[in-house]
Each structure stands twice: as C-alpha cells, then as structure tokens.
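Asker: Sequence:
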Amino acid sequence: MFVATAVVLIGIIGCAPGEREVSGTPTFVGSNECRTCHAREYQGWLETLHSQGIQDPEANPKAVMGDFDVESDVRTFSLNDVAYIFGVQWKQRYLTETTDSAEQGDFLILPAQYNLATNQWKPYEAEAWQTRPFTQKCSGCHATGVTNDRLLGVEMNVGCEACHGPGSNHVEGEGRERPRSIVNPAKLPSDIGAMVCGRCHSRGSDRESNLPFAVNYIPGEYLFNTFTLLETTDTEHFFPDGLSKAHHLHYIDWRQSAHALHGVTCMSCHTVHSTGVNNKLQTKLPGSTLCRSCHEMNQPTRIHAIHSFGSCIECHMVRTAKSAVEGDIHIHTFKTVSPAETVADPNVRNSCSCHPASAQEMQAIYEQTVGAAGSSATRELTPPQTGGS
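Under UniProt numbering, the letters of the sequence shown match residues 1 to 389, in that order.
No lab work stands behind these hints, which were simulated from the structure alone.
Backbone N, C-alpha and C fix where the C-beta goes; we use that ideal spot for every residue, glycine too.
You may find that some hints are simply not true.
[What the hints assert, rightly or not] What follows is a list of derived Cβ distance ranges for each label pair:
| hint | residue 1 | residue 2 | range |
| --- | --- | --- | --- |
| 1 | E97 | M65 | 16 to 22 Å |
| 2 | L261 | N148 | 31 to 37 Å |
| 3 | N225 | S274 | 27 to 33 Å |
| 4 | A186 | D149 | 28 to 34 Å |
| 5 | A102 | A128 | 17 to 23 Å |
| 6 | T25 | S72 | 47 to 53 Å |
| 7 | V343 | G105 | 47 to 53 Å |
| 8 | L261 | A344 | 27 to 33 Å |
| 9 | S72 | Q130 | 15 to 21 Å |
| 10 | E367 | P346 | 17 to 23 Å |
With these hints in hand, go ahead and build the complete structure from the sequences.
Answerer: Set out below in structure tokens:
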C-alpha cells in the first residue's frame with residue numbers, strides 16, 4: 001500500500017490564499033485547512049481510498065498500477081500522456097490534458113483502463129473518449145467543492161468538505177460558534193446522514209444541470225431536492241429483479257434493505273477516517289465479525305448450521321455487480337438471493353453460486369434446508385468452490 005506517499009491534490013484550480021468568506025455563506029477551503037486541529041482524523045483519512053483515488057504519477061510513481069511496459073493493442077497511449085491516475089482498488093484509469101481541455105480547465109479520460117484483478121488492459125469508451133471530459137462525467141464525486149461555477153472543485157479526491165460541507169466559517173469561527181458552523185454527518189438523522197454517502201455511492205442525475213452527479217448538494221441537506229436517483233427498472237444497471245449489475249449503486253441497494261428501515265446506515269458499518277482499520281473498504285470490524293456484532297447467534301439454526309465454511313457476506317451480500325470484472329462488487333440489499341430467482345438468467349449470481357451444482361439443483365436443497373423444521377446441521381453439502389471472485 002502506498003498510503004504514506006498519498007498526495008492531496010489541493011489547489012489545482014482552487015481559491016487563492018485568503019480568498020474566502022469569514023462569515024455568511026461558507027466556502028470550500030480544502031482539506032489541508034483541517035489538518036491543524038484535526039490531525040488524527042486527517043491522517044486516518046489519508047489512509048483511505050477517499051484520499052487516494054486521483055494522484056499525480058510524477059509525485060507518487062508507486063500509485064501507477066497499470067503495466068505500461070507491456071505492448072497492448074488496447075492501450076494507445078503512454079505514461080507520458082498521463083496527467084493523473086484515477087483509481088486504486090478495482091481498476092485504474094488515466095486522465096490526460098489536451099490543448100482543448102487545458103483551455104477549459106479540464107481533463108479527458110484516456111480510452112483504456114487497467115483491471116487490477118486480472119492485470120489486463122481493457123478498452124474504456126474507446127470510440128467516444130474525446131467527448132467525455134472529467135467535469136461532465138466524474139468530478140462531482142471525485143473532487144471536492146464542485147459547484148456550477150467550478151466543476152473541477154477546489155480539491156481533487158473526496159476531501160473533508162465532501163462530507164462535512166464547506167468549512168470557511170468553521171476555520172474562522174470562535175468559541176461555541178465553531179462546532180455549529182460545520183456539518184457532522186454522524187449527528188444527522190439517519191436518513192439525512194446516509195444521503196451524505198448516497199450522493200456519490202449511487203447513480204442518477206442533477207435536477208438542474210442533468211449531470212450524472214449532484215452538483216450543488218451540501219451535506220446535511222435533503223439530497224432529493226437537487227438529485228434524482230436512478231430507478232431499479234433501468235436495465236443497463238439493474239437485473240430484472242432489481243439486483244445491481246454495476247458499481248456506484250450501494251445507496252440504492254441500501255434503500256431497499258431492512259437496514260434502511262431500522263436506521264442502520266453506512267456509518268454503522270464503515271468509518272472514513274479512523275486509524276488502525278486494516279481494510280480498504282473501511283469496515284469497523286472484519287468480515288462476519290461485523291455482522292455478528294449486531295446479529296448475535298448463540299446457536300446457529302437451519303441454513304446457518306451447515307455453513308461453518310461460509311460467511312454472512314457471501315450469502316447476504318451477493319456479488320452480482322461489476323466494477324472492473326464480473327462479480328467484484330457486493331450488493332447492499334443484505335438479502336439472500338435464492339437460486340430460483342436466477343434460474344431464468346444463469347449469468348446472475350445468487351447466494352448459492354459458490355456451490356458447483358446448477359441453480360435448479362441448489363434450489364431443491366435450498367427449499368429443503370430453509371423450509372425444514374428444526375436444525376439441519378447433519379445435512380451434507382458440497383463445499384464451495386474456491387478461487388473465484
């Protein structure tokens with residue numbers, strides 16, 4: 001991991017020093033302003049993907065994960081063409097600055113991405129890449145301080161103010177007014193707090209500009225005043241039964257879940273700037289341990305009793321969605337998906353897909369197991385296949 005050398009890209013087109021309002025409507029000031037008073041939180045944030053998504057390859061060569069030494073018919077550009085790398089988890093894309101884009105203060109996304117799970121170059125919008133500027137497709141969720149007048153924001157990456165709102169009044173405030181002048185998502189009502197994450201961990205369109213992100217949303221506000229979520233009937237991004245088939249849909253998944261009904265939000269499971277969390281997804285506890293911190297099971301019954309080799313996540317957060325390769329994203333409805341629900345489309349994963357049997361065969365076992373009275377701990381199942389995504 002290269003967190004120690006992660007670069008905070010502030011001031012790419014940001015405010016000049018001192019160019020901010022001290023009172024009245026707050027303005028964005030950048031994450032570096034937060035470091036003086038909130039050093040621990042700032043350092044924890046540096047270790048997260050939020051701070052690392054976009055980096056300067058000259059300042060941090062280790063951030064470049066794509067193999068630029070291998071010959072590729074897919075990749076038509078070299079590392080010299082890359083202004084910024086874009087992505088560090090599932091795939092990596094590359095931003096370039098052309099003469100035209102530079103005049104507009106913008107970047108273009110080059111027409112190939114590097115998939116990290118397979119170490120392969122794959123085409124990305126190869127036919128249309130020159131008509132897809134960063135500010136029209138990505139900046140609202142990969143830059144901080146984006147407004148209609150400044151679509152590249154004041155800071156690349158998901159900075160402090162992306163979640164806490166513009167901080168000039170907080171920085172300049174004194175006494176009791178200081179904490180009141182910034183948004184703390186953890187203290188918001190659960191549905192409003194979840195919107196802070198949902199504005200980017202979802203898909204939809206800005207009501208005013210029709211851009212694919214919420215342009216003028218401020219944390220603490222009601223998201224849907226300015227943003228319209230994608231419907232689950234959208235066949236490009238959802239399967240017919242409403243299961244996600246693409247990334248950036250966690251919030252839409254979550255809204256369908258029992259967790260949402262009972263106030264269990266993103267922040268119940270994830271932390272965004274605590275130190276010592278040893279996983280890139282920033283869950284507060286690892287794997288099923290996190291689930292069991294709320295869902296206590298002293299005596300596993302029925303289907304749980306035969307899955308000593310399984311996990312809560314693999315059955316209740318099925319890998320139906322794709323970021324770089326099929327099935328690399330867990331859905332967040334937290335519902336089991338029975339084999340019967342995917343018989344019509346064998347390409348859709350279900351909660352039993354880890355077993356080598358067909359969906360029809362697994363459905364018969366599923367019905368016998370789940371519907372059986374009492375414990376089914378003595379029933380034998382073929383252990384799941386390993387090595388798949």
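Asker: Indicate, hint by hint, whether the structure satisfies it.
Answerer: Against the structure, the hints:
{"no.": "1", "hint": "E97 to M65: 16 to 22 Å", "verdict": "21 Å, holds"}
{"no.": "2", "hint": "L261 to N148: 31 to 37 Å", "verdict": "35 Å, holds"}
{"no.": "3", "hint": "N225 to S274: 27 to 33 Å", "verdict": "31 Å, holds"}
{"no.": "4", "hint": "A186 to D149: 28 to 34 Å", "verdict": "30 Å, holds"}
{"no.": "5", "hint": "A102 to A128: 17 to 23 Å", "verdict": "20 Å, holds"}
{"no.": "6", "hint": "T25 to S72: 47 to 53 Å", "verdict": "49 Å, holds"}
{"no.": "7", "hint": "V343 to G105: 47 to 53 Å", "verdict": "51 Å, holds"}
{"no.": "8", "hint": "L261 to A344: 27 to 33 Å", "verdict": "28 Å, holds"}
{"no.": "9", "hint": "S72 to Q130: 15 to 21 Å", "verdict": "19 Å, holds"}
{"no.": "10", "hint": "E367 to P346: 17 to 23 Å", "verdict": "19 Å, holds"}
Taken one by one, the earlier hints all hold for this structure without exception.
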